[in-house]
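Chemist: Put together the whole structure using the sequences plus the hints.
As a plain string of letters, each chain reads:
2 protein chains.
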Amino acid sequence: MSVDDPFEDLLVNRSVRILVTGAAGMIGRKLAERLAADGSVGGNAIGHLVLADAVRAEAPGGASFGIDRVQVDIADPRDVDSLVADRPDLVFHLAAVVSGEAETEFAKGYRVNLDGTRLLLETLRADGRHCPRLVFASSIAVFGAPFPNKIGDDFHTTPLTSYGTQKAICELLLNDYTRRGFVDGVAIRLPTICVRPGAPNLAASGFFSGIVREPLNGLEAVVPVGADVRHWHASPRAAVQFLLHAATIDGSLLGARRCLTMPGVSVTVGEQIEALVAVAGTDVAQLVRYERDEAVERIIADWPRAFDARRAESLGFKAESSFEEIIRIYIDDELGGRIPALAQ
Amino acid sequence: MSVDDPFEDLLVNRSVRILVTGAAGMIGRKLAERLAADGSVGGNAIGHLVLADAVRAEAPGGASFGIDRVQVDIADPRDVDSLVADRPDLVFHLAAVVSGEAETEFAKGYRVNLDGTRLLLETLRADGRHCPRLVFASSIAVFGAPFPNKIGDDFHTTPLTSYGTQKAICELLLNDYTRRGFVDGVAIRLPTICVRPGAPNLAASGFFSGIVREPLNGLEAVVPVGADVRHWHASPRAAVQFLLHAATIDGSLLGARRCLTMPGVSVTVGEQIEALVAVAGTDVAQLVRYERDEAVERIIADWPRAFDARRAESLGFKAESSFEEIIRIYIDDELGGRIPALAQ
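Line by line, the protein sequences are chains C and E. Per my numbering, residue 37 is the first one in the first sequence, and the count goes up by one each step. Per my numbering, residue 37 is the first one in the second sequence, and the count goes up by one each step.
One or more hints might be untrue.
[Unchecked claim] Simulated DEER-style distance windows between Cβ atoms:
id : chain 1 : residue 1 : chain 2 : residue 2 : range
1  : E       : F142      : C       : R123      : 17 to 25 angstroms
2  : E       : K144      : C       : R123      : 23 to 31 angstroms
3  : C       : A181      : E       : E310      : 43 to 51 angstroms
Treat the hints as calculated values from the structure; they're not laboratory data. We put the CB at the ideal spot given by N, CA and C, even for glycine.
Modeler: Spelled out as structure tokens, the structure:
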């Protein structure tokens, strides 16, 4: 199979078989919903979808194709064998231990994030019967301070976390396995996803979503850093669109460099709150107060502020054009188009 | 143990215990000879030296300390356990499958170059009793074309070989294991080593040494590329000096970025031959003839031409200042100071 068209070896009338790992996570769930709603990917009907995760994923409603939900250990050879035995044409590899856990649970982070990915690649290599498009969810955590104000496509990957290290290693593996023709890989480095739905979590990045989500829902929110802290964001909807675009892009356009920093919106915390005022009004935004937390400030100080994502943009990847748009997407997708705080 | 002084936890009167993996290779052998000749490293007497390799390494003459030569499989946990059980204060990790073999023997390359290094790191982590300085021989193969004329310290690692991929992955591991305090790692990216002693080999880079070595020994040599092909060189003597400097450098000067591109000499093939004329005269240099080989030209076209190694230079790493000096080192170290071709 050529890497040019990821699905060109599909037989006439054969439809696309898709595997999603990490399907129970926030992005995996939204991806599955989108696949169910679209019924096709890249103009090809979806024939079958496997949703794999360490816990049982929710099934999206309204799918016109069969869905299997399987509980797997992504680092267990038997489990991964069974996933690959179905010969998926397209794999979205989202499974990962998150940043904080990879830092506190060193061995577990390496087992899931590195060994799991390598096992998936090795199992596809050993299978040898096909060369699926493999879309890997990488992260801007592959970069580490100090960096320039805008991180370009050719800036070195210098992670300062075990999570970022594992993602950077997987990018290297993906490149090499693609170069050798074992898989047809595309890695996309996702921005911080904002606005994350649901309850606040303990991630250091959590406040970037919380300072928008909580006020919109009529709740107070605390900003633990200064108003001038700048970061790089994209909506969950954009993240799903990145994954789908990566699934169908002409691989020959990528050459030997299969890892792409995704576009995003670079805003300061102050600009986030200004956008909240513009979208929801001053009363809602007044639910946000600043209360600096030096521990969080120290962590955030080493985070990237902005990227030059022109390579991904020239390849057709599109993010939101403003943080207001990111807020509106949250209101549309999670709140049914209305702002609870204004209805009170 | 702090990472500042690699040997600061040595008890008074305790001497340095050293482990060299890949000790039977050309650089490993020269390193062992230098250690035997010096009897100390960084001002500390050497107490014991273990020379480990897949084959039995030669013992250097004249050592004032004990030397063990052990045959090991670097990817076998029992073998690596036994190496680490001796609690080396300083590890030179040179063991590797070379570039060409890693490309043709995919699984073997990953097993030795990636799994072997990771096993060494994991065994030191599991041991937990000490944090040795670990000097890792990386390579400029972590970079891949297209690149700028001079590759800077912050240029991304985009290998185009499995060997380069494995080295880049090990660099990431070394950084993370150092950040976490499991080892005190320094990775040095070696230039192409020139003039390699011994018989010509089949490596695509072999001619860079051959076009100097063969004429000095009265033999004809073929240049398979154009005179304008530029590459990055350092002598075997410089490589050993890089390793020793990396063994003793203050780790705090490196911060979180423990991987350094070593300095070298950037010359064209034409300039190599001009240097040969300057050192050995026209008659010797006339043993070189150009006979272009398109296959070699295609491989070499993707190789780096020069680096901006100012970071390593500012940290005290020194290469030769000219290719003439590189030739003279070969004559001194390998030919006893005389040129066989001129004695005929």
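Chemist: Okay, which hints does this one fail, numbers in order?
Modeler: As far as the earlier hints go, not one is violated by this structure.
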